[in-house]
Structure formats: structure tokens, C-alpha cells
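The whole structure should be built from the sequences, with the hints applied where relevant.
2 protein chains.
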Amino acid sequence: MIVNYPELAVKELIDEVLNSYSLKYSDTCKCERCRNDIMALALNNLPAKYVVTDHGRIYTKAIYDQIGGKAQVIAAITAAIQKVQKNPRH
Amino acid sequence: MIVNYPELAVKELIDEVLNSYSLKYSDTCKCERCRNDIMALALNNLPAKYVVTDHGRIYTKAIYDQIGGKAQVIAAITAAIQKVQKNPRH
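Line by line, the protein sequences are chains E and V.
Heads up, the first sequence is in my numbering, so the first residue is 1 and it goes up one at a time.
Heads up, the second sequence is in my numbering, so the first residue is 91 and it goes up one at a time.
These are calculated hints, taken from the structure and not from any lab test.
Built from N, CA and C at the ideal position, the CB exists for glycine as well.
Hints are supplied without guarantee of correctness; some may be wrong.
[As the list claims (entries may be wrong)] Derived pair list, reagent style PhoX-like, types lysine-lysine, alpha-carbon separation capped at 25 Å: (1) V:139 / E:70; (2) V:114 / E:30; (3) E:70 / E:11; (4) E:30 / E:83; (5) V:176 / E:49; (6) E:11 / V:139; (7) V:139 / E:83; (8) V:173 / V:139; (9) E:49 / E:70; (10) V:114 / V:160; (11) E:11 / E:83; (12) V:101 / V:173; (13) E:11 / V:101; (14) V:173 / E:83; (15) V:139 / V:114; (16) V:173 / E:49; (17) V:120 / E:49; (18) V:120 / V:173; (19) E:70 / E:24; (20) V:139 / E:86; (21) E:49 / V:114; (22) V:114 / E:24; (23) E:61 / E:49; (24) V:176 / V:101; (25) V:101 / V:160; (26) V:114 / V:173.
[Stated by the list, open to error] Looking from chain V toward chain E, a few residues come up when the C-beta cut is under 7 Å (computed): (27) 103; (28) 104; (29) 107; (30) 108; (31) 126; (32) 133; (33) 138; (34) 140.
[Claimed, not checked] Facing chain E, from chain V, some residues (calculated, C-beta under 10 Å): (35) 92; (36) 93; (37) 100; (38) 101; (39) 113; (40) 127.
The following block contains the structure:
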């Protein structure tokens, strides 16, 4: 099975980052459409890092170590939230 | 749902490219391990192109139009086959 590490990381962090962002900006939209647009945009700004994995569960720490750390993913998600909030497609 | 177009394209083309490669180089290994390593390597050399999709089936033509054409994907897979054949991990 192949997986893209950044995809696992973004899916792991999206709600945490969206929730803390919406504490600061209460009008932040968290609908399914915006959430998907944010993830796709964030992933298109992170380098692909596909790996082959045999076992089901991949430890999150291994993911972040491989892709340059959690902060890089949080930054990509935050930038994507700001862009999607300006031009929501919902 | 989000999908990475290049991932769909590589999964669509891997067997076609591997089979035609192995007609020229009969000792080409097509085991599951090598096949996965080839796909991961090819995808790490193709720009991510995540999109949001509501409907299940995505038309292959739409995929290739979006990522610069079928040839680019075939080239990435072929280069990955050559690399994996030199250092198989099976």
C-alpha cells in the first residue's frame, strides 16, 4: 500500500488547526466544502512524500519526522484557511 | 472527498507501463514490493494536484488534462522502474 505522508498529517491536524483558528476569527466557515478545499490547497503546497507501508497504523511522529515537522503542516493549513475564507466555494 | 490526481493517474498506468517495459527487459521484476516502490517513487517526482471531488468516478481524460498530460506520468513511472530495478527492496 502506498500513502502520501503529508495527506495523513493534514487529515490528522485539520480540525485542531481549524478550531483554534475559529477561536480567533469567529466567522470562520467549517463546512465540509471549505474543509475539503482547505485540505486540498494545503496539500498542493506541501511536497509529496509517498511511502510504501505494510502495516495499517502509521505513527504520527514518524510522519512529522519525515516531512519536516508538524509546524510546516500547520503553516500550510493556516495559509489555506485564509485563502479559502476569502473565496469560499460553498 | 479529496484525491491526488497524479495518484489516480499512476495507479491507472502502472501495469500498462510495467508490462511494456518488461517486453523490452524480460528480467523486470513486477512483484508487489517493486510495484509499490515504483509508484511511490514516481509520485514523489510528480507535482501534487489535490482536488475536491463529490462524485465517485473521475474521468481519466480530466486527470491527464489537469496534470500536464499522460506522457509526463509515463515518463515518471519509467524513470522509477529503472531506479527500482537497480536497487530492488524485495
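Structure-based check of all given hints:
no., hint, in the structure
1, V:139 / E:70, "holds (21 Å)"
2, V:114 / E:30, "violated (52 Å)"
3, E:70 / E:11, "holds (12 Å)"
4, E:30 / E:83, "holds (13 Å)"
5, V:176 / E:49, "holds (21 Å)"
6, E:11 / V:139, "holds (16 Å)"
7, V:139 / E:83, "holds (17 Å)"
8, V:173 / V:139, "holds (24 Å)"
9, E:49 / E:70, "holds (14 Å)"
10, V:114 / V:160, "holds (21 Å)"
11, E:11 / E:83, "holds (18 Å)"
12, V:101 / V:173, "holds (18 Å)"
13, E:11 / V:101, "holds (22 Å)"
14, V:173 / E:83, "violated (39 Å)"
15, V:139 / V:114, "violated (32 Å)"
16, V:173 / E:49, "holds (17 Å)"
17, V:120 / E:49, "holds (22 Å)"
18, V:120 / V:173, "holds (13 Å)"
19, E:70 / E:24, "holds (21 Å)"
20, V:139 / E:86, "holds (21 Å)"
21, E:49 / V:114, "violated (30 Å)"
22, V:114 / E:24, "violated (60 Å)"
23, E:61 / E:49, "holds (15 Å)"
24, V:176 / V:101, "holds (22 Å)"
25, V:101 / V:160, "holds (12 Å)"
26, V:114 / V:173, "holds (16 Å)"
27, 103, "violated (14 Å)"
28, 104, "violated (10 Å)"
29, 107, "violated (16 Å)"
30, 108, "violated (15 Å)"
31, 126, "holds (4 Å)"
32, 133, "holds (4 Å)"
33, 138, "holds (5 Å)"
34, 140, "holds (4 Å)"
35, 92, "holds (5 Å)"
36, 93, "holds (9 Å)"
37, 100, "holds (9 Å)"
38, 101, "holds (9 Å)"
39, 113, "violated (25 Å)"
40, 127, "holds (6 Å)"
Of the hints listed earlier, those the structure fails to meet are numbers 2, 14, 15, 21, 22, 27, 28, 29, 30 and 39, in rising order.
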